[in-house]
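K.L.:
Generate the whole structure from the sequences, applying the supplied hints.
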Amino acid sequence: MSASLAAPAPGGFGRMTLRLVLIGAVLLLAMLPALNRLPADSALHVSDFIVSITGKWITYAILALAIDLAWGYAGILSLGHGAFFALGGYAIGMHLMRLIGPRGVYGHPVLPDFMVFLGYRELPWYWLGFDHFPFAILMAVAVPGLLAGIVGYLAFRSRITGVYLSIITQALTYALMLAFFRNDMGFGGNNGFTDFKELLGMPLNTPTARSALFYASLLLLLAALWLCSSITRSKLGRVLVAIRDAESRVRFLGYDVTQHKLFVFVLSAMIAGLAGALYVPQVGIINPGEFSPGNSIEAVIWVAVGGRGTLVGALLGAFSVNALKTWLTTVAPDLWLFALGGLFVAVTLFLPRGLIGLFSKAPK
Amino acid sequence: MTSTSPTLTRRAALGGFGAALAMPALRPAFGQGTPIKVGVLHSLSGTMAISETALRDTVLMMVDWVNAKGGVMGRKVEAVVVDPASNWPLFAEKARELLQVHKVDVTFGCWTSVSRKSVLPVFEELNGMLFYPVQYEGEEESKNIFYTGAAPNQQAIPAVEYLMSKDGGEAKRIALLGTDYVYPRTTNRILRGFLKSKGIGDADIMEEYTPFGHSDWQGIVARVKRFASEGKKTAIVSTINGDANVPFYRELGNQGIKAEDIPCVAFSVGEEELAGIDTKPLVGHLAAWNYFMSVQGAPNTEFKQLWQSYIKNPKRVTNDPMEATYTGFRMWTQAVERAKSTKVDDVRAAMIGQKLMAPCGYEEEMLPNHHLSKPVLIGEVQEDGQFNIVWKTPNAVKAENWSPFIPENANRRR
Amino acid sequence: MKNLLLALGVLLWLALPARAQDAFTAALPGLAGGFGDIATSVEQLGALGDPRALPILRALQAGQLQKHADGRLLLPGNTDAATGQPADASGAETVRLNNRVRQALRGALGRLQLVSPDAAERGAAAEAIFRSRSAEDVPTLQAAIARETDAGVKAKLVLALAAAQLVAPDEEAKRDAIARLGAAGTVEARALLIEARAANPTLVTAIDISIASIERSLSIRRAAETLFQGLSLGSVLLLAALGLAVTFGVMGVINMAHGEFVMLGAYATFMVQEACRGIPWLAPWSLPLSVPAAFLIAAAAGAALERGLIRHLYGRPLETLLMTFGVGMILQQAVRTIFGAQNREVASPAWMQGTLMLPGGIAVTQNRLWIIVFGIAVLLLVIAAIRFTRFGLEMRAVVQNRRIAATMGIRTGRVDALTFAFGSGIAGMAGVALSQIDNVSPNLGTGYIIDSFMVVVFGGVGSLAGTLVGALTLGVVNKVLEPYAGAVLAKVFVLVAIMLFIQRRPRGLFALKGRAAES
Amino acid sequence: MTEPVLYLDGVSVVFDGFKALNSLSLIVDAGELRAIIGPNGAGKTTMMDVITGKTRPTAGVVRFREHDLTKLDEATIANLGIGRKFQKPTMFDALTVFENLELALKAPRGPFSCLRWVLTGEARRRIEAVMEEVGLASRAQDRAAILSHGQRQWLEIGMLLMQDPELLLVDEPVAGMTDQETEHTAALLVRIAGERSVVVVEHDLEFVRALGSKVTVLCEGSMLSEGSIDHVQNDPRVIEVYLGR
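Residue numbers (our numbering), protein chains in the order written: chain G, 1 to 364; chain R, 1 to 414; chain L, 1 to 519; chain Z, 1 to 245.
Think of the hints as simulated: they come from the structure by calculation, not from any bench. Be careful, since some hints might not be right.
To be verified - Below 25 Å or equal to it, Euclidean Cα-Cα: the simulated SDA-like pairs (lysine to any residue) are:
{"id": "1", "chain 1": "R", "residue 1": "LYS343", "chain 2": "R", "residue 2": "ALA68"}
{"id": "2", "chain 1": "Z", "residue 1": "LYS88", "chain 2": "L", "residue 2": "ASN401"}
{"id": "3", "chain 1": "Z", "residue 1": "LYS54", "chain 2": "G", "residue 2": "GLU247"}
{"id": "4", "chain 1": "R", "residue 1": "LYS258", "chain 2": "L", "residue 2": "VAL167"}
{"id": "5", "chain 1": "R", "residue 1": "LYS232", "chain 2": "L", "residue 2": "ASP80"}
{"id": "6", "chain 1": "Z", "residue 1": "LYS19", "chain 2": "L", "residue 2": "VAL167"}
{"id": "7", "chain 1": "G", "residue 1": "LYS235", "chain 2": "G", "residue 2": "LEU225"}
{"id": "8", "chain 1": "R", "residue 1": "LYS198", "chain 2": "R", "residue 2": "GLN382"}
{"id": "9", "chain 1": "R", "residue 1": "LYS166", "chain 2": "L", "residue 2": "GLU43"}
{"id": "10", "chain 1": "L", "residue 1": "LYS67", "chain 2": "R", "residue 2": "ILE389"}
{"id": "11", "chain 1": "R", "residue 1": "LYS304", "chain 2": "L", "residue 2": "GLU345"}
P.N.:
Pasting the structure below:
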């Protein structure tokens, strides 16, 4: 990687201000559901729409954090992180489907509607256990982690880096998408999972459930932020940056690069999986479209826009790009792709350090 | 050709959203005399834009039409257009935005089943009203959705009956080709059940599914040829979706499959799709719909003129989902007039039993199951990309959204 | 010769019993009725073998036969079908067809055209009868065979006779009919035999022998056809990937908008076709013409992209990747705005339609065949450009050592622009080919981008040979797997296989050093 | 006679046809300081690549004490106690001088131990000591990217010291250094050589002389001559290929 890729965490200067801004933002977010409970005519009332959409953005932000950890710090540009996100989503989706139970259209006690429909007699083995929430959450973390472990091990061991890794991970998520589109896979094919009823006894699509999920996402965001920053501030973080900038030199210092990369890649995949697990109950649907390579690239672009190599940048990017997208798809339904595409081009060209580069002063 | 929604709408949308985001106090107060808002929830980008942009334009056309007539209940109708970009979760998000931020009174939208499934919970939670204009697999019934497209018994079964009739060529073997998603799966399941009841066994049924946008049909078409060469008259029933059709028909043509030998009846190929295909090799292949542009009669001429003058292109075709949108919109205006209100519950009550002389040349009625009674027409592809109607039901068929050929429907929850 | 045949035809007709003429006039009104009536009267007319029926049936087939409400029929040129007298066409409407009528027509015309002076027509007639065979055809066919001079047509007639004999009562005739059909070894023959099997319990053994022999020849043919399908898919991949092999393989630029350049090429084809519509003598050549057009348009777009944006990001392949993704979004939406979201129709010229029968009865679709040829041609063109042109020389020089090339007076910036334009132009040409098998829609490109990257990486970045071998291997493997695994799984398997392969040999099949190899 | 620390025998490396090393043999004893000279393309750097596991030899034996280096990867070899300084000084530009040294500091290298790592006062003292040694104490918090060439040389030497390896491979350490810096470096290396083995590759003969160590002359991938600096300088073959006019 050329030095130009190195966008370091903003040094002593600006860190304090950044932290203040961050805390302010978190507090603001934390207030949203409360404001939503205010009577609709009150001046401070926020609509459910804002709450649910912000909850969604938070999960995106977590995904962005995960990508930034791998890309911004360790220089692993995965174009397949959407796959880990989606797998986490599918895990929780399977749980939600199991919870529907006999309330499905065909009233089958166990089988989800689509299975009844495709003539399944009993539950496929890989669906067992998903009726337990803890198991589902475990899978939401473990499955992405395992997949990342296998792919990462094979790739890093044979020193596949940079563009090659990107292309392989992209092919990975593409292959998964094709596979999940097949109805015979037992994951509901193109329609995926929808019409969820409840989670942990809370009926979904109620303000209570929404704010609960919202806070859960916010907590996960903070946890992920804490985890990532404690990594990046540790010696491991410096090793990762070292790997990003001069991989072979790190080897000559006696560090097993494969191990370090694998560690961060798997961890990042797990975080992405959890994010997906919180995303699905909030948007109420998971289907193979989530695996589409475009989604993964977009997520990477959030990070690039915000400013990679800085955790705050990842968050900034995720929120700003998605807010822009939501706004434009309504205001300029025919033109928003121009705007968004233009933004991506402009940022990569003129803001190599992303939006965050505008705030923290560039180290020479 | 993507026509733009009125700037007024733009500003409304902008204001609405900004308000919702930042200063809720500014949300426009809602009351009598203010415009009636119609949400348009069709993909304008991504894979589904190919089919859905035309429907967006149809709704905008109807808005102009009704405003030209002085609006509904004397109130102006205003469209709020959003782009869910062929992204299913985005459909849900946009549905919520339309209902909560823009407070639309009714929404016209969705094409794919998955997009409908994705927005359904939102419409039920917020008690909105959605008009869904595309033929679909049935197995669904929501009090918040009006289905103005065909249910399986209004398209698939009559089509196969025709294939097995003397005029249709007395097919004894059926190849069911489809894109691998719920509509083809269901339809084919229903057809299997139906064919069994007509004494055609599994040995004489071939079922193949391909991914979306499948572009290499060489192998499958060759297999169909082989399947057809086993001594019984064979026909293809295609539930292949949008994009994959062009390569499929090209392959049919190039492998010399003539309609006289192996007729292919399609449920998702209309005039819009044919516009993208060189139809000469396809003459004689069939499609089953509830409307064809070639239908004779005043209502259709009116519809076609309205469309071509709105889109400012005398060559633009009309198709079945557009007709369904048109019919749905007109029934909605009738219902609002009758209910003297735009409240979802009132309009819903008023919708049931609404009648309209539809462009398809039959009187359609909104049934209590929120589906329409529709005629079934079968058309043969002609060189000019239009359909020559070779068979039609004597009168409109009542929709069965719960097919009797799916055993599970027996013990479904009501 | 011609006259002689006509005379023969007339003789045949005169030889018919007198009531045939009444039968002829009696059969006509049916043509004005419903599809059922039309079909029956068409069959009657065919059976009568009355030459007067020929123009009527031809008009019917061409959709030029008109009818009055009272049932009078009009031939083109407004002559009454029954009397041959001129009549007025006002209020007349065309007689419509359906598949049943078409089937009947094919048979009837077949019987009538057996006496046609034109060999091609007689051949068609033979095939038609083969399809709609009936016992009555036996004598007619025997007569036809007796007087047939053209060997090709004769062969067809013999098969048709066999088909007819199979449904005729004569046991002996049946036996050698079965043998002859078995020898023919076609799918159609097989169909007839299976059909006959149920009807003739006494002949089952003979039939089975014939069927088995057909099966044998078919299985070989199938293998050949699968191979061809694989090659054709491979050639499509090759075309899509060649441009990348240049931009990515040689320059190390990850262009996610590559697919959109392919799409531009397809739309260029569409535009050329529209431009040619007006000029009849040019129309059939619109496709060849659009090859250079597509190349230039895509190349121009490529040059603009390289000069305007990409060159600022050299040495930063990952940024390039993200940036070009944005460019792709813009291009797609731009095309959608200009041409509309609907598919555009690009017709195939006659010489690209239909199936070609290779020796051994291997059926090969024309358009696929041409695409294979085209793919190879483009490959050769690329190789030639890189090997034998000044530009190719400078390009290789810049790739190997930018600084030294510069010191030797090569304007590296210009070379970069040209190289990228060249690669994009090739993508454009791929678009011309794809317009023949796929949708011409704004999303055309997205379906191919990943496959092309896989081909390039699998084949070995920077190696054209690798791209060729890679593309063809993927194509064939895909097609061989398809019948067993289904289209989707086959593709998934291939993708996974490549991923594993790459981690075994990170540099691909044909490892080669390019600027990309270092990144 | 103690077991040699580094033992190369008949080592050959062939890059598509071109012999970079041609059955090279070399023995370095414990605590020995060895200078290696030779014209460009003599295979000096290739030799280092072979020892540190960057390049796999086509033939021959490479042993570090009892370990067969041809089987091990860079990291393992480094952890066995072989440190390397590159001809072109390479470090981590995004990190500060202090952080660069901290990474080099001998400590558990696994991800988890890196995560749990805390900078003990003892470690800090060692790092500061080395920074004094290489004269970068004042630049501790500057990013390596902004150091001058000479300072980068020093920093990399410092990193080498932090690893505290048993065998140091030093490739052209004094390029771009002032005279007194050069002397300082020489003294430093001599001092280190006490308890460790050091192999120095250098063009600067004055520097080599200052080391006052045994000298090996490489040429076309094999050993040409070996002995004291005076001995090799008078060796006609050496004069022929290297010093000659």
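K.L.:
All hints are to be evaluated individually against the structure, with a verdict given for each.
P.N.:
How the hints compare with the structure:
no.	hint	verdict
1	LYS343/R - ALA68/R	23 Å, holds
2	LYS88/Z - ASN401/L	20 Å, holds
3	LYS54/Z - GLU247/G	13 Å, holds
4	LYS258/R - VAL167/L	23 Å, holds
5	LYS232/R - ASP80/L	40 Å, violated
6	LYS19/Z - VAL167/L	82 Å, violated
7	LYS235/G - LEU225/G	17 Å, holds
8	LYS198/R - GLN382/R	30 Å, violated
9	LYS166/R - GLU43/L	15 Å, holds
10	LYS67/L - ILE389/R	18 Å, holds
11	LYS304/R - GLU345/L	22 Å, holds
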